[in-house]
Amino acid sequence: MSKRTFLIVGAAVLLFFVGAGCWNRVEIEDKAIVAGVGIDSDKENKELVKLTVQIVNPAALKASAAEGGKEGGGKEAVWLVTAAGSCVFDAVRNFTFQSPRKLFWAHSKVIVIGEEVAKKGVEKIIDFFMRDHEPYFRTWVLVARGKASEIMEAKIGLEKIPAYGISDLVSVTTATSQATAVNLKEFTGMILSKTTSPFTTGIEVFEKEGEKRLRLTDTAVFKNFRLKGWLNKEETRGLLWILGKVKSGIIDLKWSAKDGKHVSIEIIRASSRVTPEIKDGDITITVDISEEGNIGEDEMLFADFITPAGIKSLEKKKTEVIKREIKAAIKKAQEFNTDIFGFGEAVYRKFPMEWKKIEEEWEKIFPTLKVTIKVTAKIRRTGLISEPIKPE
Amino acid sequence: MLRRLLRKIKFFMQRNFENNKPLSSNQLKTSLSKKLNTNLENIKNILNHSSDVAIRLFDIGSDNKSRAAIAFIDGLVDKSTINEYIMKSLMLDSRTALPTPLTGKKDMLGIIKKNILTAAELREVKTFEELIYGMLSGEVVLIVDGYDTAFIIGAKGWESRGVQEPNTETVVRGPREGFTENLRTNTAMLRRRLKSPNLVFEHLKIGRVTNTDVCIVYIRGITNIKIVQELRRRLNRIDIDGILESGYIEQLIEDAPFSIFPTIGNTERPDKVAAKLLEGRVAVLTDGSPMALTLPYLFMEGIQSSEDYYSRTWFSTIVRWIRIAALIITILLPPLYIAGQSYHQEMIPTVLLLTMAAAKEGIPFPVFIETLLMGISFEMLKEAGVRMPRPIGHAISIVGALVLGEAAVNAGVVSAPAVIVTAITGIAGFIIPTHNDSFPILRLVFAILAAIAGLFGLLLGIVFLLIHLVSLRSFGIPYLSPIAPGIIQDLKDTAIRAPLWAMYKRPRAINRKNPVRLGADEPSQPPEDKEKDG
Amino acid sequence: MAYIITSLGLMFKDKTIIQYSETIAGRIPGKLIGLIYCGFFIYIDAVILREFADFFTSVFFPETPLVFFSISIILASIYAVRQGLEVIARVNEIFFLY
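Chains as they are written, first to last, in this note's numbering: chain A, 1 to 392; chain B, 1001 to 1534; chain C, 2001 to 2098.
No lab work stands behind these hints, which were simulated from the structure alone. None of the values given here were measured: they were computed from a predicted structure. Hints may contain errors.
[Claimed, not checked] Computed footprint of chain B on chain A; a stretch qualifies when at least three of its residues, placed anywhere within it, have a C-beta under 8 Å from a C-beta of chain B:
no.: 1; segment: 27-39
no.: 2; segment: 48-61
no.: 3; segment: 105-117
Built from N, CA and C at the ideal position, the CB exists for glycine as well.
Chain A on its own, in the form it takes in the complex (with noise of 0.2 Å):
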């Protein structure tokens, strides 16, 4: 290359880039950082979705930051926006009516459903979430009771971004196993499955020293994009054994009912295998789950505990716990008829030419299928101490 043509292609290269860039460049400061979003339907305005978003105002944070203890200049660390449209693309076009800046979803956590637009079907709602390229697809997707602009209002301790609280509030669910969240990603393969119906936790608020404050309630359960019901704790708690979703948590065993005395248990691990059989046609579904537990709390003052037929003893009870558990929610899940539990997928992954002979007809088996439960629970220390504490 001769140098003359060496210094056009040159300034050919430099003028192509410098005159190229900066199509998509938005910086930091000209973004409304989205912490969560509360969709409702608005009936007033004859709109159908409003959308109340809690946009982060970083303003507020560097302040508290740079003086330390004293409260954040007054500033509110979010800032509550309010914008409808006829689906949600619009609304959140609308947005830029009010916000300053415009809003950035990547950093969204919760996306509360409120109970009205769930009950009439979500599907409309998460389009969105899915295409935009912005929204991350591990956002939680969390159902209110009552409408979702409330669980926007409410605030939680601790933290000063309420949004990032519920966040974090579903990440402690593990510790009780009585709740449970799905993200986006897990919602959506949940709708994309033919039978397995979608579910997630609800959200409600309750008043509190006059101030609202926020906490996990029931486990909203899906059928055909609708809101269909609620599970209770218990109930929940079956659900994610069946799931294997059980990682920590605590079996109470009210061991005499007399004086409400209790022993309680703490999960250590759990796992569950589902195994569908077909005996002449007639499916049956054997859910194993295999439990391991320590001893948490003795109130009983029994010694007798710490011998094996002690143990033995309270493992029975526990087994039967959790096989209630269990049943609760297979009963809970075939009143609605929401195969929540996934069992048709697992029937077709067994039985994949069988399967689509009863493909159709899994919407009659569901309410009616036969669900043996084998609990093998365990446990396996005592604690700190062995024997409880008591006065000779």
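Here the structure of chain A is known, so what remains is to put chains B and C in place on it, guided by the hints.
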């Protein structure tokens, strides 16, 4: 009258012209005459009657009939040597040692050489060329009347810096010696480390005016002789008026003069040069410069330090990792910061993003300008710190740190993360001193690319950089070896520094002949204690 | 296939595939083979280029024109090709091994 005037004018004109004319080679090529006075006149004329030329006339022999003279350049010679071993021998000791008169003897020069002069270094010359260059490099010329042969006596001795700890490459563990500006001292330092007959110093003179002594150093049998031949060819090709520093040579013989990466290494440490020679490399020493050149120079040498081999394996390996991390940080951190802030906010962890957004609130500049400003200020501080006299340098760094770090952030001109990024980048850059001149350029280019096209621009930049690095060669050795081409055996001295007993072979990349370093029977085992008790 | 191409390449050491296909198959069919050969690579490269640029436009930079990515990656390729086969091999060595 008129004729005399004309002659005078002619004379002046001639002198004016002559004074500005360089010495013709014919004048130098002439051989010495038998007459002492003619010779001395000639020396004075050739050296243009320079004020530092000293000529001393004296008589020798017991009959004081033989006239002789010594000539030297004042300041380049050791006067006590002249007094003690030349003048004293010739004028006093000769009379006692040889009572008979010297004059008339047939081989007076031979007698002087064999019996009288007590100086160690001595050679005979017949032409002015050799004589003058001898004088100019600090030797003493002895001319005896009646002979057309002169003696060149070595009595070099000029003021020079002593051996000091090198400023550019300090170590905690290891020798404290550094090269000096004196070529002989430097060669001596190398010879003292490598007491082998195979250590070769090859002498060259480069520079039409400076006549700088340049020395090619290598170990016969270890070095790939092709590299030496190529180096010799390139050095002989140099046709320049002056070599003032080894940097001149480096720039005139390097493989890729347009690249921002150096393909010839330099060091101030004799132990480092010795180690490189033992690896099969070649060194070039230049008179007047304490920086020795080593070649071929590979990219990986940038993360190697002589101390790595003196400390123990584990620590050295961890230090290598830190250097690699620093290398990545110093090139990529500012561009990544720019790309993350302007384009890829979704890739930053939420909490970090909020902190950054909070810091960025109310800052007037976009992040690219901000980073660029900080980067330029840092480079300015660095430059000021180097050029300033020491005491002022401290003041500069304090003011700089305060202005850049504290005040700029407090005033809301730049954000705190930008300051942090710049500071980390700067510190990381100092960890790899050999590439210190190429990294800021690279960083700037990458920052611009990141500002234009985010991570995609950065990716493109890295691809271009890799292609460039891979296409580089240093004296025939691929610059990126042993990474690409991958030489598994040589990887023992890259991201890990294998124990010395495991590095029993010299790097394959440089020379494949005579590779074995350790003489153990099973070289990949730690050396065993033969006199083990029980 | 690889074996055929390698042995043919060894048979005609100083010729390119387009040149020796003329020797083997005659003038017109040889030219046709060369054309198909070129066309194949032009097609494949075009598809790869489009996919690459498409990925970047849809995932990272929705507002940036496709051409920007295509041209910049072509520039990188041109540079690599100018530096020669050895350089391409070494770069790939780095990308795949480390």
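Check each numbered hint from earlier against the structure, then list the numbers of those it violates in ascending order. When the structure is compared with the hints, none of them turns out to be violated.
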